[in-house]
Amino acid sequence: MSNNGNSRQKLVEIRDLKMWFPIMRGVLRRHVADVKAVDGLNFDVYQGETLGLVGESGCGKSTTGRAILQLYRPTAGSVLFEGQDLIMIKGEDLRKMRRRMQMIFQDPYASLNPRMTVGSIVAEPLEVHNIGTKSERLDRVRELLQVVGLNPYFINRYPHEFSGGQRQRIGVARALAVNPAFIVCDEPISALDVSIQAQVINLLEDLQERFGLTYLFIAHDLSVVRHISNRIAVMYLGKIMELADRDELYRNPMHPYSQALLSAVPIPDPVIEEKRHRIILEGDVPSPVNPPKGCNFCTRCPKALDMCREQEPEFRDYGGGHWVACWLHQR
Amino acid sequence: MTRLLEVKGLETRFFTQDGIVHAVNGISYNLDEGETLAIVGESGCGKSVGVMSLMRLIPQPPGKITGGEVFFGAGDERRDLLKLSDDEIRQVRGNRIAMIFQDPMTSLNPVLTIGFQISEALILHMGMDKAAARKRAVELLELVGIPRAADRLDDYPHQFSGGMRQRVMIAMGLSCNPQLLIADEPTTALDVTIQAQITDLVKRLRDEIGMAIIWITHDLGVVAGLADRMIVMYAGFIVEESPVRDLYANPRHPYTIGLLGSLPRLDEARAHRLTSIEGLPPDLVELPKGCPFFARCVYRIEKCLTENPKLEPVSPGHKTACWVDVRKVAPEPAEATARGGVAA
Chain A
527 MSNNGNSRQK
537 LVEIRDLKMW
547 FPIMRGVLRR
557 HVADVKAVDG
567 LNFDVYQGET
577 LGLVGESGCG
587 KSTTGRAILQ
597 LYRPTAGSVL
607 FEGQDLIMIK
617 GEDLRKMRRR
627 MQMIFQDPYA
637 SLNPRMTVGS
647 IVAEPLEVHN
657 IGTKSERLDR
667 VRELLQVVGL
677 NPYFINRYPH
687 EFSGGQRQRI
697 GVARALAVNP
707 AFIVCDEPIS
717 ALDVSIQAQV
727 INLLEDLQER
737 FGLTYLFIAH
747 DLSVVRHISN
757 RIAVMYLGKI
767 MELADRDELY
777 RNPMHPYSQA
787 LLSAVPIPDP
797 VIEEKRHRII
807 LEGDVPSPVN
817 PPKGCNFCTR
827 CPKALDMCRE
837 QEPEFRDYGG
847 GHWVACWLHQ
857 R
Chain B
8 MTRLLEVKGL
18 ETRFFTQDGI
28 VHAVNGISYN
38 LDEGETLAIV
48 GESGCGKSVG
58 VMSLMRLIPQ
68 PPGKITGGEV
78 FFGAGDERRD
88 LLKLSDDEIR
98 QVRGNRIAMI
108 FQDPMTSLNP
118 VLTIGFQISE
128 ALILHMGMDK
138 AAARKRAVEL
148 LELVGIPRAA
158 DRLDDYPHQF
168 SGGMRQRVMI
178 AMGLSCNPQL
188 LIADEPTTAL
198 DVTIQAQITD
208 LVKRLRDEIG
218 MAIIWITHDL
228 GVVAGLADRM
238 IVMYAGFIVE
248 ESPVRDLYAN
258 PRHPYTIGLL
268 GSLPRLDEAR
278 AHRLTSIEGL
288 PPDLVELPKG
298 CPFFARCVYR
308 IEKCLTENPK
318 LEPVSPGHKT
328 ACWVDVRKVA
338 PEPAEATARG
348 GVAA
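Residue numbers (our numbering), protein chains in the order written: chain A, 527 to 857; chain B, 8 to 351.
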């Protein structure tokens, strides 16, 4: 894993990013409310690092990934990629930018067209971007399959002939085809079995080292995120609660939600499990249509103060790039 | 401890167009009253089919239990579940043995209120009248921690969140005071904080009620703090069985070692490369003649190719099915199996 100490060049800068989905009702399709899936995010992704984005289902982590890549057009905010604001550009200009940023999807069964051969799936991004002649593209596809650990001999086979782990490798090869700088990995291993997960994690780490890739790694599994990331952002109900270096976050979680989340992750060791103290959160996540007043976590927070229910805490740096949005630390 | 369940040589196959799928291949294990047993393995290893077989819930055809015996009950009540008539097994299911499933949405009926669904078992098995069943249903919902239980009795499953639905499932499972609760990946579909709520609840209920539990999972983390004993399955075989502490501290089967090594851990001191298990599990239609793990094993010897090792004791309570003593030999470098695995 690359160290993030030396190269602190910003690759992606996200400012006040909001992604709201309108809810329409009635025959006139009146706009009655919004699902505030992502509600004001501020963070940077540095060149060559892996930024982990964790949170539970429905917290907006996948939406964040898609909004950054402009697969959804954000409601507000800006996404600076290599200094250029992606939200301001469209059409051909945006398509050109897509060569620099790619995505690996969660479900290796749904993200590959079952009627296309592996060869044409991996070649498609090259065709879209008009890269190389037909035979050059074929060579490139063979090379890519080799890079992700698949036999180039399988180039004319269809996705259903592969296992889940192998399909995920095909998805990785497709993302790599256009030599991107930035890859959003949206839960790339959660559909895979444990022994296969490790294969894909190792592959992603190898590729990062080899091609100098920058990852935004989205996952709900904190152990996996801890393993692969340099820095980690914890999301809850459309907002980032805490963002810090990996070891700092695990050693010193400052936000009550991060603390609860970390304590809930089981550790595969009965001796340790016996001694651990779990913070059990009561209740469920509120609806993003109607987030609570004040801090989004106040309805489940074991340490909530009166002011938490009144006013939203500021997302602030407490030194060394340890960002937290919590009143407990701001008083 | 009184023995509650004794599975001997259970064998289940599916007869499909593509051939005979050898899903469960002669597994044997025991369970005492009040004990918690975890069955761990990856998809397709036969862990679910194994317990579905003992409940006689295998769709038939294409499935068929082709061998073995399953003795359930203590003392005079001890019977072979596989020899019971359909009526008799129905008296056991949901009554003596209860089951909760992975997906609480698809295992609850969406058009019936949860009050009705919980009462159903009480009326059927416990002979309660409607009013008494309703009263008991409220108690059960309170037991599993559903707020305002009496008001929510007439709600439908979609009005509950995933974690709450799993609580309802557990309430249903516990309704007839079962001796054995089978939990088939009950927390897999849930978020970690909700998972912690549910495992906490099951632990508390186990201590209060004293039922035995079989907890099926692919997650070695969840069961570490929960189970007394553990079984690891691979390709329809039990490859290792051990008390929980011993299994994590001294895994003896190469597959168990691989599984533990491939898990990123929250408490790992520093980043290290995961020791992945290369390759894929074997096709259950054409099981290899020797050890099913041979193709992916880093400890393999020639004998493994031709003869499948039996589950043999290696220390008190700890059994493994492996020709090699993994404590005495070094594994071969992973690249050797990697090349074979990926190209296969």
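Don't take every hint at face value.
To be verified - Listed next, the in silico DSBU-like pairs over lysine-lysine satisfying Cα-Cα at most 30 Å (straight line):
no.	chain 1	residue 1	chain 2	residue 2
1	A	Lys-829	B	Lys-210
2	A	Lys-801	B	Lys-210
3	B	Lys-310	B	Lys-326
4	A	Lys-819	A	Lys-801
5	B	Lys-310	A	Lys-801
6	B	Lys-142	B	Lys-335
7	A	Lys-544	A	Lys-616
8	A	Lys-536	A	Lys-622
9	A	Lys-819	A	Lys-544
What the hints contain is simulated information worked out from the structure, not anything from laboratory work.
Now for the hints, and whether the structure bears them out:
About 26 Å separates the Cα atoms of Lys-829/A and Lys-210/B, which keeps this hinted pair within 30 Å; it holds. A hinted pair counts as satisfied when its Cα atoms are at most 30 Å apart, and Lys-801/A with Lys-210/B qualifies at roughly 15 Å. With a C-alpha separation of about 19 Å, the suggested pairing of Lys-310/B with Lys-326/B holds against the 30 Å cut-off. Restraint check for Lys-819/A and Lys-801/A: the C-alpha separation of about 37 Å exceeds 30 Å, so the hint is violated.
A distance of roughly 43 Å separates the Cα atoms of Lys-310/B and Lys-801/A; the hinted pair therefore is violated under the 30 Å criterion. Between Lys-142/B and Lys-335/B the alpha-carbon distance is near 61 Å, which puts this suggested pair outside the 30 Å criterion. Of the pairs offered as hints, the one joining Lys-544/A and Lys-616/A holds, with about 18 Å between alpha carbons and a cut-off of 30 Å not exceeded. At roughly 20 Å between alpha-carbon atoms, Lys-536/A and Lys-622/A fall within 30 Å of each other, so this suggested pair holds.
Simply put, Lys-819/A and Lys-544/A have alpha-carbon atoms about 17 Å apart, close enough for the 30 Å limit, and the pair holds.
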